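Visitor: Chain residues, written in single-letter form:
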Amino acid sequence: MNTKTFLLAGLAVALVIAAMAPFIASSNPDGLESAFFGIFGAKEIQGSEINEEHAEAAEEEIAAITGNDFSFESPFPDYSIEGLSKFGEAAAIIIGTVLVLGIAFGLSRIMARPE
Amino acid sequence: MHIPDAFIPLPQAAVYWIIALIFIALSLRWARKEMRDDKIPLVAVLAAGIFAIQAINVPIPWGTSGHMMGAALAAIVLGSPFAAVFVLTLVLIVQGVLFGDGGLTVMGANIINMGVIGGFVGFYSYRGLSPLFKNVYPAAFIAGWLSLFIAALVCAVEMAIAGTFPLELGLFSMGLYHAVIGVIEGGITAVAIYLIHTARPDIMAEPSGMVSS
Numbered sequence: 001m002n003t004k005t006f007l008l009a010g011l012a013v014a015l016v017i018a019a020m021a022p023f024i025a026s027s028n029p030d031g032l033e034s035a036f037f038g039i040f041g042a043k044e045i046q047g048s049e050i051n052e053e054h055a056e057a058a059e060e061e062i063a064a065i066t067g068n069d070f071s072f073e074s075p076f077p078d079y080s081i082e083g084l085s086k087f088g089e090a091a092a093i094i095i096g097t098v099l100v101l102g103i104a105f106g107l108s109r110i111m112a113r114p115e
Numbered sequence: 001m002h003i004p005d006a007f008i009p010l011p012q013a014a015v016y017w018i019i020a021l022i023f024i025a026l027s028l029r030w031a032r033k034e035m036r037d038d039k040i041p042l043v044a045v046l047a048a049g050i051f052a053i054q055a056i057n058v059p060i061p062w063g064t065s066g067h068m069m070g071a072a073l074a075a076i077v078l079g080s081p082f083a084a085v086f087v088l089t090l091v092l093i094v095q096g097v098l099f100g101d102g103g104l105t106v107m108g109a110n111i112i113n114m115g116v117i118g119g120f121v122g123f124y125s126y127r128g129l130s131p132l133f134k135n136v137y138p139a140a141f142i143a144g145w146l147s148l149f150i151a152a153l154v155c156a157v158e159m160a161i162a163g164t165f166p167l168e169l170g171l172f173s174m175g176l177y178h179a180v181i182g183v184i185e186g187g188i189t190a191v192a193i194y195l196i197h198t199a200r201p202d203i204m205a206e207p208s209g210m211v212s213s
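Chains A and B supply the protein sequences, listed in that same order. Heads up: the first sequence at position 98 corresponds to 98 in the numbering used here, and the numbers run straight through without jumps. Heads up: the second sequence at position 41 corresponds to 41 in the numbering used here, and the numbers run straight through without jumps.
If you are wondering where the hints come from, they were derived from the structure by calculation, not from laboratory data. These numbers were taken from a predicted model, which means no experiment stands behind them. Each residue gets a CB set at the ideal place from its N, CA and C atoms; glycine is no exception. Please note that the accuracy of each hint is not assured.
[Claimed, not checked] Derived Cβ-Cβ restraints for the label pairs, each shown as a range: (1) A:Glu61 x B:Pro131: 26 to 32 Å; (2) A:Ser74 x B:Ala179: 27 to 33 Å; (3) B:Gly163 x A:Ser85: 27 to 33 Å; (4) B:Val191 x A:Lys4: 43 to 49 Å; (5) B:Ile19 x A:Phe72: 19 to 25 Å; (6) B:Ile22 x A:Gly67: 22 to 28 Å; (7) A:Phe72 x B:Asp37: 47 to 53 Å; (8) A:Ser85 x B:Val97: 21 to 27 Å.
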């Protein structure tokens, strides 16, 4: 496989994964969130039911404990585009994938030494 | 395991940022010294692929989910733990700034856990285990598993220092979930290395003689 084909195949795989992600990804809390909910009583550590009320209270409680109440409105919160459904999420993740590709390419270009 | 802002007090978050910046500087030095022109497209495609795969949360038991981190893969394919720091830092910046995935004040901690710990544990366990197995695929699987598992334990210790989790319960729950999520990390790392090696045996940084075909 020549270099160009190899890289295009790699990019195609990345974009297919990006497009599929919102449709196949689980919306369960990730490991860290789940541990957090478990420790703060919004969920059993080895159970799967989340008490939404307790979960929200836990999020307020933790900011009070650490004193870090920094908040920031990102343009695509949780990989979503306002007003768009799952297809918006797919678009957001594709945008992110292409952006990471561009930044990684650009920065590597600046840093790398020539052959 | 993207830590949100509220989980770490600002002074501690600043310390993690300083440590992360040292490793980012070292990763840029790696890029300047070791990255050759012909590796640029591979670095870019790996970064894009890692960003995309991180969007796929796989369900695990206990109402939880997890996704691949990709640090072990980047370090193994590019031949340096600093390559993982380089790639994961870019991914984490885009995730945090554009998508609110992982906090900004605590991004240093996320770079340490996923880039530095993930990259170093993944790279050196792969190096150590490959000759042991005389085959890179089991080594890649275990390296991927360990990279995620150890990063999760370090994260639990940071949470304990922050006063967010009690140490024992934090280590237990983070360890439990990530022992399972690590299987995803190890599996995809091994499969990706197999695919890359099959398509282009010359492109891997590791001596390909170690790969059993």
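Visitor: Does each hint fit the structure? Answer for all of them.
Guide: Hints versus structure:
1. A:Glu61 x B:Pro131: 26 to 32 Å: 49 Å Cβ-Cβ, so the 26 to 32 Å window is violated.
2. A:Ser74 x B:Ala179: 27 to 33 Å: Taking Cβ atoms as reference, Ser74 of chain A and Ala179 of chain B lie about 31 Å apart, which means the hint holds.
3. B:Gly163 x A:Ser85: 27 to 33 Å: Distance hint for Gly163 of chain B, Ser85 of chain A is violated at roughly 39 Å.
4. B:Val191 x A:Lys4: 43 to 49 Å: Between Val191 of chain B and Lys4 of chain A, where Cβ atoms are some 23 Å apart, the hint is violated.
5. B:Ile19 x A:Phe72: 19 to 25 Å: The hinted range 19 to 25 Å holds for Ile19 of chain B and Phe72 of chain A, with Cβ atoms some 22 Å apart.
6. B:Ile22 x A:Gly67: 22 to 28 Å: Given a distance of about 26 Å, which is inside 22 to 28 Å, the answer is holds.
7. A:Phe72 x B:Asp37: 47 to 53 Å: Violated, since Phe72 of chain A and Asp37 of chain B (Cβ atoms, about 37 Å apart) do not stay within the stated range.
8. A:Ser85 x B:Val97: 21 to 27 Å: 24 Å, holds
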